[in-house]
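K.L.:
Chains A and P, in that order, give the protein sequences. Heads up: the first sequence is residues 1 to 207, going by my numbering. Heads up: the second sequence is residues 1 to 207, going by my numbering.
It is worth saying that the hints were derived from the structure and are not from the lab. Just so you know, not all the hints are guaranteed correct.
Repeated chains share a single entry, so a pair holds when one copy, or any two copies, can fit it.
[To be verified] Here are the simulated DSS-like cross-link-like pairs (lysine-lysine), alpha carbons at most 27 Å apart as the crow flies:
| # | residue 1 | residue 2 |
| --- | --- | --- |
| 1 | K121 | K203 |
| 2 | K81 | K174 |
| 3 | K81 | K130 |
| 4 | K25 | K127 |
| 5 | K79 | K176 |
| 6 | K25 | K62 |
| 7 | K62 | K190 |
| 8 | K130 | K176 |
| 9 | K76 | K183 |
| 10 | K127 | K76 |
| 11 | K174 | K207 |
| 12 | K25 | K121 |
| 13 | K76 | K176 |
| 14 | K97 | K25 |
| 15 | K183 | K40 |
| 16 | K77 | K174 |
| 17 | K130 | K190 |
| 18 | K130 | K207 |
| 19 | K121 | K51 |
| 20 | K51 | K203 |
| 21 | K207 | K41 |
| 22 | K130 | K77 |
There are 2 protein chains.
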Amino acid sequence: MEPTRIGVLISGGGTNLQAIIDNIKNGNINGRIELIISNKKDAYGLIRGKKANIDTLYLDRKQFNSEEEYNLELIKKFKEKNVDLVVLAGYLRVLSKDFIEAFRGRIINIHPSLIPSFCGKGFYGEKVHKAVLDYGVKITGATVHFVDEGTDTGPIILQEAVEVEDTDTLETLKEKVLRVEHKILVQAVKLYCQNRLSIEGRKVIIK
Amino acid sequence: MEPTRIGVLISGGGTNLQAIIDNIKNGNINGRIELIISNKKDAYGLIRGKKANIDTLYLDRKQFNSEEEYNLELIKKFKEKNVDLVVLAGYLRVLSKDFIEAFRGRIINIHPSLIPSFCGKGFYGEKVHKAVLDYGVKITGATVHFVDEGTDTGPIILQEAVEVEDTDTLETLKEKVLRVEHKILVQAVKLYCQNRLSIEGRKVIIK
């Protein structure tokens with residue numbers, strides 16, 4: 001089977017991106033990252049991409065009149081590279097309807113909680129872990145899901161739980177969840193590239 | 001240490017009640033159930049209580065003018081028995097403010113999901129598992145928490161995750177979660193009876 005052509009969107013450090021790069025390199029994922037696009041000029045993920053000889057691009061939102069126009073450019077760049085799967089690896093902007101339509105059922109996102117807990121508008125990055133600690137839950141986790149028009153509402157591919165301990169801080173919790181994020185994102189991308197994921201209504205069936 | 005005096009409220013079969021009875025009997029929980037009250041005449045939990053030589057009482061809501069008056073009677077009955085801890089073991093009515101005030105920090109409830117997912121008004125019994133299956137989550141679980149004025153909003157004592165498999169039905173999921181309910185409810189009651197739970201804001205610290 002030909003390697004799946006992957007596009008990645010980032011806004012920051014890109015440790016989830018690195019996990020994908022490493023697992024393509026070691027043969028675990030049958031894919032190829034064709035292009036990494038960042039909306040932040042200084043995103044460290046761009047450097048990770050360059051180090052792995054992957055094409056990278058910084059696209060400045062300010063150079064476009066609207067979110068829609070910005071997204072049309074994203075679509076164009078990915079389409080030029082014949083991207084089949086788009087992975088959001090810590091991309092902190094919302095995708096336009098056009099983008100979701102252009103890659104329906106082919107956009108994967110990672111979220112640092114057990115959806116539907118601690119997700120939706122306002123829940124991103126450390127804000128998620130702060131809310132988890134403030135609520136006092138004993139279990140949190142991470143979720144990989146397909147992206148639809150809502151915020152964190154798309155069909156769930158994989159989830160894994162993480163215990164919250166009394167001694168956990170924002171830092172220790174973030175670290176523990178991040179380890180699980182890497183694991184299930186890699187697993188989900190691997191399954192996608194093996195053509196083993198099918199969406200039936202709200203459910204993702206693993207073949 | 002003297003055994004903790006426990007009151008139990010039920011509406012149905014009472015398998016969680018049975019788990020507590022068994023773990024008191026085998027010495028795992030240092031407690032004594034003083035009284036079991038059901039709002040349903042034919043709740044099988046009443047028979048479980050009688051078999052274990054525990055006082056049981058059926059209190060018909062219809063015999064009272066309001067939920068408040070009904071709850072005043074519940075308080076009276078438990079106070080007569082010097083109950084220290086109230087366990088809701090599948091009690092499907094909402095407690096009044098008076099009741100919560102009378103036993104503040106001393107009422108434990110078990111909920112068949114990972115709060116704050118699939119909880120609050122309308123989420124009880126099988127409706128929870130149906131919502132879990134409809135949403136398509138891959139992880140659910142159970143939560144033991146102290147009861148406050150909200151619905152399923154009180155400080156969380158223990159949680160445990162349960163995997164949802166593609167082949168799970170309402171029945172199989174209910175069964176798997178129930179096993180975890182028994183385990184963490186028994187553990188929470190045991191910790192309470194050992195005086196090892198302290199509530200700090202929204203967090204329950206296990207000493």
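K.L.:
Taking the hints in turn, state whether each one holds.
P.N.:
Now for the hints, and whether the structure bears them out:
Proximity of K121 to K203 under the C-alpha cut-off of 27 Å is found in both arrangements, the shortest distances being 22 Å within a copy and 25 Å between copies. In the homo-oligomer, the alpha carbons of K81 and K174 never lie at most 27 Å apart, since the shortest distance is 34 Å inside one protomer and 47 Å across protomers. Within a single copy, K81 and K130 get their C-alpha atoms no closer than 38 Å, and across copies no closer than 42 Å, so neither meets the 27 Å cut-off. For the identical chains of this complex, K25 and K127 are neighbours neither inside a copy (33 Å) nor across copies (45 Å), given an alpha-carbon limit of 27 Å.
In this homomeric assembly, K79 and K176 never come within 27 Å of each other (Cα to Cα): the closest approach is 35 Å inside a single copy and 45 Å across copies. For a Cα distance limit of 27 Å, the shortest separation of K25 from K62 qualifies neither inside one copy, at 35 Å, nor across copies, at 69 Å. Within a single copy, K62 and K190 get their C-alpha atoms no closer than 35 Å, and across copies no closer than 59 Å, so neither meets the 27 Å cut-off. In this assembly of identical chains, the alpha carbons of K130 and K176 lie at most 27 Å apart only when taken from the same copy (14 Å versus 30 Å across copies).
For the homomeric pair K76 and K183, neither the shortest alpha-carbon distance inside one copy (30 Å) nor that between copies (54 Å) is at most 27 Å. In this assembly of identical chains, the alpha carbons of K127 and K76 never lie at most 27 Å apart, being 32 Å within a copy and 45 Å across copies at closest. Taking the shortest Cα distances, K174 and K207 sit within 27 Å of each other only across copies (24 Å), while inside one copy they are farther apart (31 Å). Neither within a single protomer nor between protomers do K25 and K121 lie at most 27 Å apart by alpha-carbon distance, with minima of 35 Å and 49 Å respectively.
Taking the shortest Cα distances, K76 and K176 never come within 27 Å of each other, neither inside one copy (36 Å) nor across copies (47 Å). In this assembly of identical chains, K97 and K25 lie within 27 Å of each other by CA distance neither inside one copy nor across copies; the values are 33 Å within and 60 Å between. Only within a single protomer do K183 and K40 lie at most 27 Å apart by alpha-carbon distance; the minimum there is 25 Å, versus 48 Å between protomers. Taking identical chains as interchangeable, the C-alpha atoms of K77 and K174 are never at most 27 Å apart, the minima being 32 Å within one chain and 47 Å between chains.
Proximity of K130 and K190 under a CA criterion of 27 Å is satisfied in neither setting, with 31 Å inside one chain copy and 30 Å between copies. Proximity of K130 to K207 under the C-alpha cut-off of 27 Å is restricted to the inter-copy arrangement: shortest distance 23 Å between copies versus 36 Å within a copy. Taking identical chains as interchangeable, the C-alpha atoms of K121 and K51 are never at most 27 Å apart, the minima being 34 Å within one chain and 52 Å between chains. Taking the closest pair of Cα atoms, K51 and K203 never come within 27 Å of each other, the shortest separation being 37 Å inside a single copy and 44 Å across copies.
In the homo-oligomer, the alpha carbons of K207 and K41 never lie at most 27 Å apart, since the shortest distance is 39 Å inside one protomer and 48 Å across protomers. In this homomeric assembly, K130 and K77 never come within 27 Å of each other (Cα to Cα): the closest approach is 36 Å inside a single copy and 42 Å across copies.
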